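4 protein chains.
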Amino acid sequence: MSQPVHALFLVSAPDQPGLVARLASFFYAGGLNIIDASNHTDIHAEGGARFFMRLVVDLAGLSTPAASKALRGSATRGALETAFGELSASISADWSVRYTDVVQRVAILVTKDPACLYDLVLRQRAGELNCEIPLIISNHPTLEPVAESFRIPFVCLPVTPETKQDQERRLLELAAQHHVDLVVLARYMQILTAGFLEAAPPVINIHHGFLPAFQGAKPYHQAHARGVKLIGATAHYATQDLDQGPIIEQDVARVTHALGPEELTRVGRDVERVVLSRAVRAHLERRVIVAGRRTIVL
Amino acid sequence: MSQPVHALFLVSAPDQPGLVARLASFFYAGGLNIIDASNHTDIHAEGGARFFMRLVVDLAGLSTPAASKALRGSATRGALETAFGELSASISADWSVRYTDVVQRVAILVTKDPACLYDLVLRQRAGELNCEIPLIISNHPTLEPVAESFRIPFVCLPVTPETKQDQERRLLELAAQHHVDLVVLARYMQILTAGFLEAAPPVINIHHGFLPAFQGAKPYHQAHARGVKLIGATAHYATQDLDQGPIIEQDVARVTHALGPEELTRVGRDVERVVLSRAVRAHLERRVIVAGRRTIVL
Amino acid sequence: MSQPVHALFLVSAPDQPGLVARLASFFYAGGLNIIDASNHTDIHAEGGARFFMRLVVDLAGLSTPAASKALRGSATRGALETAFGELSASISADWSVRYTDVVQRVAILVTKDPACLYDLVLRQRAGELNCEIPLIISNHPTLEPVAESFRIPFVCLPVTPETKQDQERRLLELAAQHHVDLVVLARYMQILTAGFLEAAPPVINIHHGFLPAFQGAKPYHQAHARGVKLIGATAHYATQDLDQGPIIEQDVARVTHALGPEELTRVGRDVERVVLSRAVRAHLERRVIVAGRRTIVL
Amino acid sequence: MSQPVHALFLVSAPDQPGLVARLASFFYAGGLNIIDASNHTDIHAEGGARFFMRLVVDLAGLSTPAASKALRGSATRGALETAFGELSASISADWSVRYTDVVQRVAILVTKDPACLYDLVLRQRAGELNCEIPLIISNHPTLEPVAESFRIPFVCLPVTPETKQDQERRLLELAAQHHVDLVVLARYMQILTAGFLEAAPPVINIHHGFLPAFQGAKPYHQAHARGVKLIGATAHYATQDLDQGPIIEQDVARVTHALGPEELTRVGRDVERVVLSRAVRAHLERRVIVAGRRTIVL
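Here the protein sequences line up with chains S, D, A and H, keeping their order. Be aware that the first sequence starts at 1, since it is given in our numbering, and climbs by one per residue. Be aware that the second sequence starts at 1, since it is given in our numbering, and climbs by one per residue. Be aware that the third sequence starts at 1, since it is given in our numbering, and climbs by one per residue. Be aware that the fourth sequence starts at 1, since it is given in our numbering, and climbs by one per residue.
Bound-form chain S, shown alone (with noise of 0.2 Å):
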C-alpha cells in the first residue's frame, strides 16, 4: 500500500476574525480532511499583528464527489492551488504550497569538514529527511570520496577573489540544471554574494556561533577568550547580511575552562550537525515562515 499524499500549505496574513474558520472550511467543503494544523498570530509583529498558519491536507480527497464539486469539477492539484489562492487573495495572504509525492531536492555545499556532510546525507539515506541529495558542491576537492562512497555526483568549483563571480554564475547553473529546492552550507567558508543569494533557491547555513554572539569569523576562539560557559550553534537563512539572516533553530552544550579552542571546536561539531540537521528537517517539512528578521517555526 502506498504512502499518503499530504498537501503541506503554509499561510500569512494581516490578522482577523474567522481566519481558522475560513481556511479551515475551505478545505472541509472541499471534502479535504486536514491531518495536522498549527497557527500562530505574532501580535508584536510590524504594521499590526499577523496570522500564520501551517495546515497539512490529505489530498485522497480529491477524487471525491465533493472535491469535484467545490473545485468546478475540475479536481486537480492545479484547481485547489486556484481556488487556494483566490481565498487566500482576499484574505491578503501570502501562501506556499508543496506536496510529500514531489520529493525535494538538496544541494550541499563544503569545504573540507565532513561532519555535517556525513550527518546530513546519513539522516536522508536513514529516511529522517525526506528529500533527494543530487550533489555535493565544493570549492576543495578534499571531500570527494565521501561524495563518491554515497555515490553521491561531486563538482569542485574551487574560489579565488578573481574566479568568484565565475563560479557563482556556475553555482547557479548547477542548481537550475539539477532542480535544486534547497541550498545547504554544511560549512562551506565561502561568502555568498547577494546577487547569489537573489537567485538562488532559498539558502540555509550553519553558524558555529550562539548567534548574535560571536559573528564573524573564529567564533570558538572568541568564545574561548571571553570565557564562556556554553557554546553554540545557530542555522538560518542565508541574507546579504552576513551572520544576520531569520534564525531557524540554535543549540548549545556546556563547556569549563578546561577546553582549549581546538576542544571547543570539536565539542561545538556536534552541536552543529544536530541544528542543522533539525533546520533542514523544519525547511522540507514546510514548518517555517520567514516573518521580518525572525522565523515562525509551526
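Don't read these hints as lab results, they were simulated from the structure. Hints may contain errors.
[Unchecked claim] To be clear about the criterion: a stretch of chain D counts as covered by chain A if any three or more of its residues have a C-beta under 8 Å from a C-beta of chain A, and this derived list gives those stretches:
id, region
1, 109–118
2, 121–132
[Unchecked claim] To spell it out: a stretch of chain D is covered by chain H in this simulated footprint if at least three of its residues, at any positions, have a beta carbon under 8 Å from a beta carbon of chain H; those stretches are:
id, region
3, 12–22
4, 36–46
5, 214–226
6, 229–235
Because the structure is a prediction, the values reported are computed rather than measured. Heads up, the beta-carbon is just placed ideally off N, CA and C, and yes, glycines get one too.
The hints should help you fit chains D, A and H onto chain S, whose structure is shown.
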C-alpha cells in the same frame, strides 16, 4: 482598560474528517474569534485514532448580533455551552471549558520542605500562575510561618495511621468549603487513598525522580546507588496507582559521581520546583488532556 | 559533634614541573589531610602556561605534633599562612585562603524584582549557601516587606544622577560596617562606577542575557526582535567594563516564536536565579579564580 | 616534532591521609611532571571511604638522571611500573596504567542500524577518538558496505540459538587475534553470555533508554506508552546482569505527545550516538573507574 476575557475549550473525540473545520466554523458563525488553536491526532490511541483540540476564544464576540443569532437570542456563556455541547455530542466528543475571568483556586499541600511552596506562591504573586491560593494544608506545623508571611491561611492536619481517614475527610471538606479547583502536592509526604482521589478535584504531584525510574521512596538514594549521570523530577496527576499517574512534565539535571545523596537532593530540588510549576501552569491554562496513561499537552 | 573545619586554598602560578607534589607535600609534612584537590593548567594563558589549584585541607591536623613541628612550634592559622606564603613566594604564586568556620557575609542589592532575592535568601536558609546575609540594599522601597519577612535589615538608598556619588559612598560605608565579603547584584538596576568597584569587596552581577550577545539594556526585547530560539543568563564579576567582566556561570532555556518579550522575561527569570545562585555558591566555596577576562572554576 | 608521550595512571585505594602527597611525590622525585591530576574520595563507598585518582604524567622525564636515580638505574616503563606497584601495594591500591603512544584497539559489534557505527568511525577518523578500529563484527550482512567504504575488515557471524556458543567463541578468537582492547556494542542486538563477558576485554554497550527506566526490549515503545516527556540513552559496561552494568554516561532529549514510537526512535538515535561516543572516549582516555555498581569518571 480591562483584559479581554477568553474561553478555553478542550475537546477530545474519535478522529474523523472535518473536525477542525466544524469546530472552527462553530465559533466563526457565532462571531467569536479564535485567538489560538492547536490540535493533535493520536494515531496510536487504543480504540482507534483520537483527535484532541484546544481552542482559545475571545468572548468579546458574545455581545455581537452574530452571536445572538447563532445562539438563538441568548448570547450567554450558558447558551454557548449548550450549543457547544450539542456540537460535541454530534461528534461523540468529551469537552470542557473554563473562562479566564473565573480565577482557579489552588490548595497547596506540603509537609516540611519549603522549596516548592515558595516557588508556587512567588510565581502566583508575580502573575506567572493565574490562580488564587486560598489555603495551604500540611501534616506538620513547620511551614506555618511561610504561609503567614504571605498571609495565606494555613491548616495543620497531622496524620497517623489511625487518623488518616478522618484527615482525608477533613481535606475534602476544606477543598469544598474553599471552592478548590486544583490540589497541588508540593512535597506532601503522605500517600492519598483511592477514595480521596476519587472525591477530590484534580491532584498534581511532584515526584522527585525521573519516572518511571526510581518509583517509591528515597529516589535520590536509589539514584546515587545506581550511579546515574542525570537526575530528574516528574510532575503527574495523582491516581490510585502510586507514581503511575499521567505525566505532565519532566526535566533533568546533570550530576556526577562526586555528589552524595544530600547533594543530589539539593540539585534535584531545583528541578522539582521548575517542573512542578510548569505542570501547574499548563493545567491552569487548560493545556493538558489526559488520554489513558498519557497526557496531551497542547 | 561539630563539623570539621576546612581551609580552602586557591593558588595560581606560572606552570613548572612538580607543583602538585610541592603543594601536596607541604600539607602532608604538616600532618594536614587534603580532603579534595583539583588543578588545571591553562596552556593558552597570556604570558605562558599558568597553573591553578584548589585545595581543601582538614584543619584537624593543626593540633597534631607533626603540624607543630612543621610550623616551628606554632601550629596556628597564622603560622600556616606564613609558611604557605613562603612556599608560594618560592613559586611566584598568587594565593588566598578562607576557613569554613568563618562565615562569609553577603550584601544583596536589588531594585524591584524579587525573584533573585527570594532565591538567594531561601537557599541560604536551606543551607545551600554557606553565608550570612546581614543586609539588603535597594534604590527603591518595593522589596522592604520581603526583607522584613526574613528579618533582614533593609536599607533604601534612592539614586538620582545628583545623589549617585553620595549613595555609592554610603554603600561602601555600609559594606565596611557590616563586614561584607561579597556584594551580589540581584537585579540591581544601577550601573556602579569604576571608583566604587575598586573600593568595594568582589561584586557578582546577573545579566539577563546570554553574554556576549545582548549586552546593554532590554536584552529580552533584543532577543525577541532577533528571533533567537534560546535565551540565557550570565553571572559575572562586575568590572569597569559594563557586561564584560569575567563570566562565572551561564545557562539557557529553549523558547519559541510564540513567546513575546514579557514571556521571554518570565522564562528568563528562571534561568537568571539558577545561574546567579550557582555563581554565588561557587564563589563562596572558593572555586573561582579570575584569570584575565576568564574564570577558572575548580 | 612528535607528540609528547603520557602515562595515564588510575588508582583506587582505601582512603587515608596523605595519599595525594605520596602519589604526587612519587612522580616528582622521579623527575616526571604531572600534567593533569584529579581525585575523588567516595565517603559513601561500601566498606569505608575510598580514594580515586587519575594522573597524567609526561614521560619525557624518564630520560633524565632524576628518573634514573629514582628507578635504580633503569628508567624504563617496566621499572616505573614496578616502582609504582610497590607504592600501590603499600597503600593497598588497585591501579592500572596505559601509554598514549600505545594506541587502543576497538572492535565494534553491530546488527543493522548504522547510526552509532558511522558516528564512532567518523570520530575516530576526525581524531576525536584516539584508537584503531581493526574490525567490525555483525550478526547480519547489512552493514558490510559501510565497513567497506572505510576499508575496515567486516566479519559476519550470524547467530541462532544453536550457534550462539560457537559464535561467541569465534568472537573471542577474533578479539584475541586482533589484539582488541575494547569491545563496543554499537546497537548489537544480541545478549552476550556471562561466559563471554568474563573472557572478553571490557565491553561498552549503548542502551536506548534512560536506565534504570525502560530496561529490556523496545524501550521507545515503553516510553511512548508511558507518555514520558524526555527520552534518553545510557552507555554502560556490559555485565552479567542485563542492563545493570555500571553507567558511564547518559543524556536525554525532550519529546512531546505528538511523537509516535518511530519518531521517538529517531530522536533517541541522536542521543544514543552522542552518549556512546562520549563513553568510549572517556574509557579510551582512562577516565573511568568502576566502583561496585557505579563509575567514577575523572
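The hints, checked one at a time:
no.	hint	result
1	109–118	holds (count 3)
2	121–132	holds (count 3)
3	12–22	violated (count 0)
4	36–46	holds (count 4)
5	214–226	holds (count 4)
6	229–235	holds (count 3)
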